[in-house]
Amino acid sequence: MTSPLAHPFSQMEKRKSEKGRWLGGSLGEPAKPGVQVAIPTHAPEGTTTVGDMADVQLNENTITVQGQSLFYREALPAAGQSPRFSVLLLHGIRFSSETWLNLGSLTKLAQAGYRAVAIDLPGLGRSKGATAPTPLGQPAPSGFLQEVWEALGLGTAVVVSPSLSGMYSLPFLTEHSTQLRGYVPVAPICTEKFSVAQYSSVKIPTLIVYGDQDEMGESSFKHLQHLPNHRVLLMKGAGHPCYLDKPDEWHTGLLDFLQGLA
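Counting from 1, one number per residue, gives the positions in the sequence shown under the numbering used here.
Calculated directly from the structure, the hints in this document are not laboratory data.
Treat the hints loosely; a few may be bogus.
Okay, the calculated beta carbon distance ranges per label pair [said to hold, decoys possible]:
(1) 141 with 236: 35 to 45 Å
(2) 177 with 249: 36 to 46 Å
(3) 79 with 153: 11 to 21 Å
(4) 177 with 138: 18 to 28 Å
(5) 113 with 218: 29 to 39 Å
(6) 155 with 68: 20 to 30 Å
(7) 177 with 113: 17 to 27 Å
(8) 79 with 261: 23 to 33 Å
SDA-like mimics (lysine to any residue), calculated; alpha carbons at most 25 Å apart, straight line [said to hold, decoys possible]:
(9) 128 with 147
(10) 222 with 197
(11) 246 with 219
(12) 193 with 138
(13) 128 with 150
(14) 203 with 175
(15) 222 with 138
(16) 128 with 63
(17) 193 with 231
(18) 203 with 181
(19) 193 with 223
Here the structure is a predicted model, which means the values were calculated and not measured.
All C-beta atoms, glycine included, are put in the ideal place defined by N, C-alpha and C.
Whole structure, please, built from the sequences with the hints as guidance.
Set out below in structure tokens:
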């Protein structure tokens, strides 16, 4: 497998993570283990409830995909409230599901009535023992994310896909768009590996997000702009992981986009 350090996006994300602005508890402490709250009836067997923040249920569990274990975190609305729909959050090469936990995205989505699920991609975070289906930086078979989809019971959902995770989300987008309610690419990789015709065939609502200081974001936009039903959230003064530079703008833009989906 190609070393992650060989890819330019890994260097950009590394420089951001070294600033430490969102690591540890700087953007909100993770839920404390051992807090007892009711697990929703649809939670898979083996789910661990790890906290209760502002009436949001936080769970941890694993799924098995292609014979390998993948870790995920889940935030649900208050007990008794049915989620509007699910939002799957992927991540970049220097991050994991914990990024979305510490940033507050999982909590904010659940408070707004959504089921928010963040997985650790193969070889990263708490899925380090799993092997990616293709070398990093190459599009993965769409069947991989399809299995993730089914294992998590996402239904018709929205996927948030920054940077590295484009290798998983873009093949799924172009081959299984009927399972998507919306798509939120955040300067994803692999955009140049798909044709204008492939992009043009995808009709689902799309929110293209990137920072104006990010060359990768500008490059990916040149391809993503061929998605016919898109709008753009351009973050002024933000870099590659723009959601970390401008968390309030990120959450406002994301929630506004989700609110507009049927």
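Evaluation of the provided hints:
{"no.": "1", "hint": "141 with 236: 35 to 45 Å", "result": "holds (37 Å)"}
{"no.": "2", "hint": "177 with 249: 36 to 46 Å", "result": "violated (27 Å)"}
{"no.": "3", "hint": "79 with 153: 11 to 21 Å", "result": "holds (18 Å)"}
{"no.": "4", "hint": "177 with 138: 18 to 28 Å", "result": "holds (21 Å)"}
{"no.": "5", "hint": "113 with 218: 29 to 39 Å", "result": "holds (34 Å)"}
{"no.": "6", "hint": "155 with 68: 20 to 30 Å", "result": "holds (23 Å)"}
{"no.": "7", "hint": "177 with 113: 17 to 27 Å", "result": "holds (24 Å)"}
{"no.": "8", "hint": "79 with 261: 23 to 33 Å", "result": "holds (24 Å)"}
{"no.": "9", "hint": "128 with 147", "result": "holds (18 Å)"}
{"no.": "10", "hint": "222 with 197", "result": "holds (14 Å)"}
{"no.": "11", "hint": "246 with 219", "result": "holds (20 Å)"}
{"no.": "12", "hint": "193 with 138", "result": "holds (9 Å)"}
{"no.": "13", "hint": "128 with 150", "result": "holds (21 Å)"}
{"no.": "14", "hint": "203 with 175", "result": "holds (12 Å)"}
{"no.": "15", "hint": "222 with 138", "result": "holds (19 Å)"}
{"no.": "16", "hint": "128 with 63", "result": "holds (14 Å)"}
{"no.": "17", "hint": "193 with 231", "result": "holds (21 Å)"}
{"no.": "18", "hint": "203 with 181", "result": "holds (10 Å)"}
{"no.": "19", "hint": "193 with 223", "result": "holds (9 Å)"}
Checked against the numbered hints above, the structure breaks only hint 2 and satisfies the rest.
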